[in-house]
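Student: Read top to bottom, the protein sequences are chains A and B. Each residue of the first sequence is one higher than the last, beginning at 1 in my numbering. Each residue of the second sequence is one higher than the last, beginning at 1 in my numbering.
Misleading hints may appear alongside valid ones.
[Claimed, not checked] In the EDC-like style, the derived pairs of lysine to aspartate or glutamate whose C-alpha atoms are separated by at most 20 Å in a straight line are:
1) K50/B - E14/B
2) K190/A - E51/A
3) K141/B - E12/A
4) K197/A - E12/A
5) K153/A - E189/B
6) K248/A - E262/B
7) K141/B - E215/A
Please keep in mind that the hints were generated in silico from the structure rather than gathered at the bench.
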Amino acid sequence: MKIAVCIKRVPEMDVNFKIAASGKGVDEAGLKWDMSDFDGYAVEAALQLTEKLGAGEVHVISLGGDVVQETLRKALSMGAAKAVQLKCDAVPYDAFAIAAALAAELKAGGYDLIMFGKMSIDGANGVTQFVVAELLGLPLVHACSKLEIAGGKGTARREIEGGGELVAFPLPAVVSIDEGIARPRYPSLKGIMAAKKKPLEVRPAQLGEVRLTVEKMELPPARAAGRIIGEGAGAVPELVKLLQTEAKVL
Amino acid sequence: MPNVLAFAEARGGELRKVALEAVTAARQVADQVGGEVHAVLVGPAGVAAKAATLAQYGADVVLVAEHAGFANYAPETTAALVADRVKGGDYRAVIFSASQQGKDLAPRTAARLGCAIATDVTSFSVGGDAVIVTHPGYTGKVVQTLKLVGTPVVLSLRPGSVSPAAKAGAGRTEQVAADPSGARVQVTETILGDSKKLDLGEAPIIISGGRGLKAAEHFKLVEDLAAAFGNAAVGATRAVTDEGWRPHSDQIGQTGRLVSPELYVAVGISGAIQHLAGMRTSKCIVAINKDKEAPIFKVADYGIVGDVFEVVPALTAAVQQARQSSH
Chain A
1 MKIAVCIKRV PEMDVNFKIA ASGKGVDEAG LKWDMSDFDG YAVEAALQLT
51 EKLGAGEVHV ISLGGDVVQE TLRKALSMGA AKAVQLKCDA VPYDAFAIAA
101 ALAAELKAGG YDLIMFGKMS IDGANGVTQF VVAELLGLPL VHACSKLEIA
151 GGKGTARREI EGGGELVAFP LPAVVSIDEG IARPRYPSLK GIMAAKKKPL
201 EVRPAQLGEV RLTVEKMELP PARAAGRIIG EGAGAVPELV KLLQTEAKVL
Chain B
1 MPNVLAFAEA RGGELRKVAL EAVTAARQVA DQVGGEVHAV LVGPAGVAAK
51 AATLAQYGAD VVLVAEHAGF ANYAPETTAA LVADRVKGGD YRAVIFSASQ
101 QGKDLAPRTA ARLGCAIATD VTSFSVGGDA VIVTHPGYTG KVVQTLKLVG
151 TPVVLSLRPG SVSPAAKAGA GRTEQVAADP SGARVQVTET ILGDSKKLDL
201 GEAPIIISGG RGLKAAEHFK LVEDLAAAFG NAAVGATRAV TDEGWRPHSD
251 QIGQTGRLVS PELYVAVGIS GAIQHLAGMR TSKCIVAINK DKEAPIFKVA
301 DYGIVGDVFE VVPALTAAVQ QARQSSH
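One chain only, chain A, in its complex shape:
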């Protein structure tokens, strides 16, 4: 079982962002960076699959400048066997441009499964995996919250409004991973030491055409400051009155 996981380095989201001077991105000063949340679930799910089968290995691929090597090393320290950096100065916003570079790398890899997070937590588009699958001519299952592989076939569950869908698909395939599948493990000290000796290959990214660009980035309008209307059950009548007369939701 040979699995590739495509991962993205993103800022940690537990902050209030400022807009950069360019007006087209976030101000990166002081931000901490890590693997995008859903990509972390994908790496964990991939490792668990190879561990369960007792065979195969996980490769991780990321696009970007040399800073992404830190993110790739984290995946190696979690247990991935090999990492590839597709080097470019700036990661384009258009999924088609990114997918061209990923597909060129993945094409000859002989992977049974190519995994992604369901979307990056910063761009929040969830398109790249679809273009990669199309370019490679592979079936794709998007946003799997459960995934099982047996006998060259996969089964998955996808969440839908008010329920779920069970999906069957053949391998090789592209799958993207939703929350709930597995919590990513913390790299052990042994894992971190081992990762330093694992291969991390660097190749130039063969980016595709860009037709989707960020023209402007803004902060959403701020909420008015909250107000506390009272303490304990005694404040309930006042709340109900406000919901009826002011907010008009009751």
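Add chain B to chain A, keeping to what the hints say.
Tutor: Same frame as chain A, but now just chain B:
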């Protein structure tokens, strides 16, 4: 004249509200570019009866694909059907909802067409050379204005960002032949929970519980309050879904559902930044928490400091009474 294609999402042969949102948005664009609205309707035998509803919301042509295999979502066949239609015609834009299905179908279709796509769009304008849209990013903490070049473009619209508006279209129907049985990816079963249960993305009121409820069984308080409102769904924080008190699909926050109901009641929720990312765009926020320093109070329109086990039952009773007296 360039036309606009809208995908009219149906489930179990019934139109979803997001179908009307997509058709309404397509009508707006078509009126601007001077073309027609073509709506795609896919489902099991009998779904064609819904074409009339789509015409009321502006569809000039309804392309109907009926097959027993469309009882479940058929991702590959549906994307191929839409893409083939777009390739064979003159379309400026292809519009989906960014529903759970649309988040799968829109990029699948764009990938087949090889055209620019923007997802989870909250507003759009179609110009001669480019389409400009807004798209929330960074867990809703920023709003990005995006520019798409080329024709056609694919857009998926955030549910609720367009209000369905009746405007009669010509409503001609055309049958389209499609058979999903040979597709590689097969949805073998669609599991639906309680059909009376409102979805978080569609409910006008959400009552959400956090760690302050202390145990899974105490979610009954939240459910009772939701039942008192009548048109409310129940949500939860990540701490709660990680504990297994509620399913992951109920999670509201940075990595879960992003919601903006008319009323959001946060019960025993401290207001971690990850949770606020998922609900800060709610129209009215009520917070009930025993810690008056909890960050949730900074965004709440109305806060009550107190024990949830005392305040929530009192609120449930008061809401029941208010609704009874207003009937």
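Student: Next step is simple, just say for each hint if it's right about the structure.
Tutor: Now for the hints, and whether the structure bears them out:
no.: 1; hint: K50/B - E14/B; result: 8 Å, holds
no.: 2; hint: K190/A - E51/A; result: 17 Å, holds
no.: 3; hint: K141/B - E12/A; result: 12 Å, holds
no.: 4; hint: K197/A - E12/A; result: 27 Å, violated
no.: 5; hint: K153/A - E189/B; result: 17 Å, holds
no.: 6; hint: K248/A - E262/B; result: 9 Å, holds
no.: 7; hint: K141/B - E215/A; result: 17 Å, holds
Hint check: a violation occurs at hint 4 only; the rest are consistent with the structure.
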